[in-house]
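Enquirer: Sequence:
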Amino acid sequence: MDRRMAVRKQMLEEFFKSLEGRNLLTKQQASEIRIKPEEVCKHNNYKDAWFSFRGYVYDVTPYNDFHPGGLGCFAEFFGFDVTNAVMVHRHVNIESYIGKLVIGILDGEPLLPNSKKLQIEKGHL
Numbered sequence: 001m002d003r004r005m006a007v008r009k010q011m012l013e014e015f016f017k018s019l020e021g022r023n024l025l026t027k028q029q030a031s032e033i034r035i036k037p038e039e040v041c042k043h044n045n046y047k048d049a050w051f052s053f054r055g056y057v058y059d060v061t062p063y064n065d066f067h068p069g070g071l072g073c074f075a076e077f078f079g080f081d082v083t084n085a086v087m088v089h090r091h092v093n094i095e096s097y098i099g100k101l102v103i104g105i106l107d108g109e110p111l112l113p114n115s116k117k118l119q120i121e122k123g124h125l
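Residue 119 in full-length UniProt numbering sits at position 119 of the sequence shown; the count goes up by one each step and never skips.
Among the clues, some could well be false.
[As the list claims (entries may be wrong)] With a cut-off of at most 30 Å between alpha-carbon atoms, the simulated BS3-like pairs for lysine-lysine come out as follows:
#1 K9 - K27
#2 K36 - K100
#3 K17 - K100
#4 K17 - K47
#5 K42 - K17
#6 K47 - K36
#7 K27 - K47
#8 K100 - K9
#9 K27 - K17
#10 K27 - K42
#11 K27 - K100
[Claimed, not checked] Using C-beta positions, here's what the derived DEER-type ranges look like:
#12 D2 - G108: 35 to 45 Å
#13 V7 - E109: 34 to 44 Å
#14 R4 - N93: 17 to 27 Å
#15 D2 - T61: 28 to 38 Å
#16 Q29 - I94: 18 to 28 Å
#17 T61 - N93: 12 to 22 Å
#18 R4 - E38: 30 to 40 Å
#19 D2 - K36: 39 to 49 Å
No wet-lab data here; the hints were simulated from the structure. Treat the numbers as computed from the prediction; the structure is a model and nothing was measured. Ideal Cβ placement from N, Cα and C applies to all residues, glycine included.
Please construct the entire structure, taking both the sequences and the accompanying hints into account.
Expert: So this is what it looks like as structure tokens:
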């Protein structure tokens, strides 16, 4: 195993260890909690980071310090849907990393970072 892979493995082990003892939902439990895309959009910073992926909503705040690529490579997606962005990395099983952070099911059309609806709501158009 090369050094980079060893560091990633160690970071992920630390991340999963940090989740021990937390009251986390199963995907089945999360399916009963409906979250509007506009609510997801409100959680868009390092200390309060949500995003949607394949119809589910995740609170990825605990993962921020452990992302192997660093915070900068995914902070722009806080508050938005990451399904298309993640599909670029087909070799990555995102569910294995953030699956335990599921908090609900998306109730509406996902908001993308370049969403015209979002730009209008934020007063940019």
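Enquirer: Taking the hints in turn, state whether each one holds.
Expert: Each hint, compared with the structure:
Straight-line distance between C-alpha atoms of K9 and K27 comes to about 24 Å, which keeps the hinted pair within the 30 Å bound. Simply put, K36 and K100 have alpha-carbon atoms about 20 Å apart, close enough for the 30 Å limit, and the pair holds. For the suggested pair K17 and K100, the alpha carbons sit about 12 Å apart, so the restraint of at most 30 Å is met. Restraint check for K17 and K47: satisfied, since their Cα atoms lie roughly 19 Å apart, inside the 30 Å limit.
For the hint pairing K42 with K17, the CA-to-CA distance comes to about 28 Å; that is within 30 Å, so the pair holds. Restraint check: the Cα-Cα separation between K47 and K36 comes to about 20 Å, which is no more than 30 Å; the hinted pair holds. A hinted pair counts as satisfied when its Cα atoms are at most 30 Å apart, and K27 with K47 qualifies at roughly 23 Å. For the hint linking K100 to K9, the alpha-carbon distance of about 17 Å falls within 30 Å, and the restraint holds.
For the proposed pair K27 and K17, the alpha carbon gap of about 20 Å is at most 30 Å, so the pair holds. With a C-alpha separation of about 22 Å, the suggested pairing of K27 with K42 holds against the 30 Å cut-off. Restraint check: the Cα-Cα separation between K27 and K100 comes to about 8 Å, which is no more than 30 Å; the hinted pair holds. Evaluation of the 35 to 45 Å hint for D2 and G108 yields a pass: the beta carbon distance comes to about 43 Å.
In this structure the hint that V7 and E109 lie 34 to 44 Å apart at CB holds, the actual value being about 38 Å. Checked against the given bound of 17 to 27 Å, the beta carbons of R4 and N93, roughly 18 Å apart, stay inside it. The hinted window of 28 to 38 Å between D2 and T61 holds, with their beta carbons roughly 30 Å apart. In this structure, Q29 and I94 meet the distance hint of 18 to 28 Å, their C-beta atoms being roughly 20 Å apart.
For the hinted restraint 12 to 22 Å between T61 and N93, the CB-CB distance of approximately 21 Å keeps it satisfied. A C-beta distance of roughly 39 Å is found between R4 and E38, which places it inside the suggested range of 30 to 40 Å. The supplied range of 39 to 49 Å is met by D2 and K36, whose beta-carbon atoms lie about 43 Å from each other.
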